[in-house]
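A.B. asks: The chain contents come next:
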Amino acid sequence: MASDGKHHIIPLPVYFQVIIALLILTVVTVAAARVDFGALNTVIALAIASVKAGLVLAYFMHLKYDDRLYIVAFGTGIFFLLLLYFFTWIDEATRIIQNPVL
Amino acid sequence: MSTVSFGSETATKPHHHAHHFESDDHEYNTSKLGTWSFLITEILMFGGLFVGYVLFHQKYPQMFHAGSTFLDWRMGAVNTVVLLISSLTMALSIYYAQTNQRKKMLVNLYITLGCAAIFMVVKYFEYTHKFHLGLGPGNFFKPHGEGVEVQNALKYLADYPNIGMYFSFYFCMTGLHGSHVLVGMGLITWLIVRAHRGEFDSKYYTPIECVGLFWHLVDLIWIYLFPLLYLIG
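Heads up: the protein sequence lines correspond to chains X and L, in order. Throughout the first sequence, residue numbering follows my numbering, covering 1 to 102 in sequence. Throughout the second sequence, residue numbering follows my numbering, covering 1 to 233 in sequence.
A couple of the hints might just be wrong.
What the hints assert, rightly or not - Calculated pairs, DMTMM-like style, for lysine to aspartate or glutamate (alpha carbon to alpha carbon, straight line, at most 25 Å): (1) Lys203/L with Asp66/X; (2) Lys64/X with Asp25/L; (3) Lys64/X with Glu209/L; (4) Lys155/L with Asp36/X; (5) Lys64/X with Glu27/L; (6) Lys59/L with Asp66/X; (7) Lys59/L with Glu92/X; (8) Lys104/L with Glu126/L; (9) Lys64/X with Glu42/L; (10) Lys104/L with Asp36/X; (11) Lys203/L with Glu92/X; (12) Lys59/L with Asp36/X; (13) Lys123/L with Asp72/L; (14) Lys64/X with Asp24/L.
As the list claims (entries may be wrong) - From the structure, some residues in chain L lie toward chain X, with a derived Cβ separation under 10 Å: (15) Thr41; (16) Phe50; (17) Leu55; (18) Gly76; (19) Val81; (20) Leu88; (21) Ala91; (22) Tyr95.
Stated by the list, open to error - Listed next, with one range per pair, are the computed distances between beta-carbon atoms: (23) Val121/L with Trp89/X: 35 to 41 Å; (24) Arg74/L with His8/X: 34 to 40 Å; (25) Tyr110/L with Ala93/X: 48 to 54 Å; (26) Ser31/L with Gly38/X: 24 to 30 Å; (27) Ala18/L with Ala93/X: 22 to 28 Å.
Simulated from the structure, these hints should not be mistaken for laboratory data. Glycine included, each C-beta is placed from N, C-alpha and C at the ideal position.
Taking the hints into account, I'd like the entire structure generated from these sequences.
C.D. replies: Spelled out as structure tokens, the structure:
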């Protein structure tokens, strides 16, 4: 772990640029939801959300400037979440539907 | 409580690292790694709900769309903006701690707490409106009363007898998220009390950093909840 006794300080203007980007992306999310992209609707919404999440992680949570250790730790969590999704999806997609109620 | 003079730049009650740490930095890094580990467990807890939501949404897209028409996207958008701003002020309070501007640090903590309160008030109005119309989760989806919304709900219920599932997801996900906002408010209050006592400065702001990380995660989860629940259905 880095222990040089100094923590990186992100300059104030960076924080304000990030919040402006986040607010613009929120408007984009709402606007994109009003257009019908068919099957891509969810993908587009999740893609925009992920860009926003990336900005929060990188700047507000300082991951961009921090020790790599924290990226690896957080990435591990995301990896296992994707693993959960992947195997649930495989199961769900390959089932033979016998009684399609709902 | 505010007997502390903020004229002095550094903490009036300086922090000394616990004896089992080698240095202040050792303590800081250990606390942070512990917080990130906790955040992973949070991701996995919410992750189960997200995976369930996405899979059932793929399976029954019309039913989920019908359910989402009962959410007011404007309320969701207001809450998104409020949470984003609270994330900014949380990050700013760390910046001001790092630069020994302790009054601004405290002001930003108060703004963060205020934004969290606004979020919960909006949530309260959304929830009570749904309870009032009988739009509950699962079997509790029993629309009653007058108005266009109730008529639509009854119509959708005839088309999709299991539309209550959408509201099960809605109440579970936003409810779990909302309880995190309440916990965050408690933690920020604790920070404010300690900041008033003059415990934080550029040398020691570990609690603000760690509560900040938690607060940003609450924001992160809402960034995904808003489009999934309110916008695409």
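A.B. asks: Now look at each hint and say whether the structure bears it out.
C.D. replies: Each hint, compared with the structure:
{"no.": "1", "hint": "Lys203/L with Asp66/X", "result": "17 Å, holds"}
{"no.": "2", "hint": "Lys64/X with Asp25/L", "result": "19 Å, holds"}
{"no.": "3", "hint": "Lys64/X with Glu209/L", "result": "15 Å, holds"}
{"no.": "4", "hint": "Lys155/L with Asp36/X", "result": "24 Å, holds"}
{"no.": "5", "hint": "Lys64/X with Glu27/L", "result": "21 Å, holds"}
{"no.": "6", "hint": "Lys59/L with Asp66/X", "result": "41 Å, violated"}
{"no.": "7", "hint": "Lys59/L with Glu92/X", "result": "9 Å, holds"}
{"no.": "8", "hint": "Lys104/L with Glu126/L", "result": "33 Å, violated"}
{"no.": "9", "hint": "Lys64/X with Glu42/L", "result": "21 Å, holds"}
{"no.": "10", "hint": "Lys104/L with Asp36/X", "result": "45 Å, violated"}
{"no.": "11", "hint": "Lys203/L with Glu92/X", "result": "52 Å, violated"}
{"no.": "12", "hint": "Lys59/L with Asp36/X", "result": "19 Å, holds"}
{"no.": "13", "hint": "Lys123/L with Asp72/L", "result": "11 Å, holds"}
{"no.": "14", "hint": "Lys64/X with Asp24/L", "result": "22 Å, holds"}
{"no.": "15", "hint": "Thr41", "result": "8 Å, holds"}
{"no.": "16", "hint": "Phe50", "result": "8 Å, holds"}
{"no.": "17", "hint": "Leu55", "result": "5 Å, holds"}
{"no.": "18", "hint": "Gly76", "result": "9 Å, holds"}
{"no.": "19", "hint": "Val81", "result": "6 Å, holds"}
{"no.": "20", "hint": "Leu88", "result": "5 Å, holds"}
{"no.": "21", "hint": "Ala91", "result": "4 Å, holds"}
{"no.": "22", "hint": "Tyr95", "result": "7 Å, holds"}
{"no.": "23", "hint": "Val121/L with Trp89/X: 35 to 41 Å", "result": "38 Å, holds"}
{"no.": "24", "hint": "Arg74/L with His8/X: 34 to 40 Å", "result": "38 Å, holds"}
{"no.": "25", "hint": "Tyr110/L with Ala93/X: 48 to 54 Å", "result": "49 Å, holds"}
{"no.": "26", "hint": "Ser31/L with Gly38/X: 24 to 30 Å", "result": "47 Å, violated"}
{"no.": "27", "hint": "Ala18/L with Ala93/X: 22 to 28 Å", "result": "51 Å, violated"}
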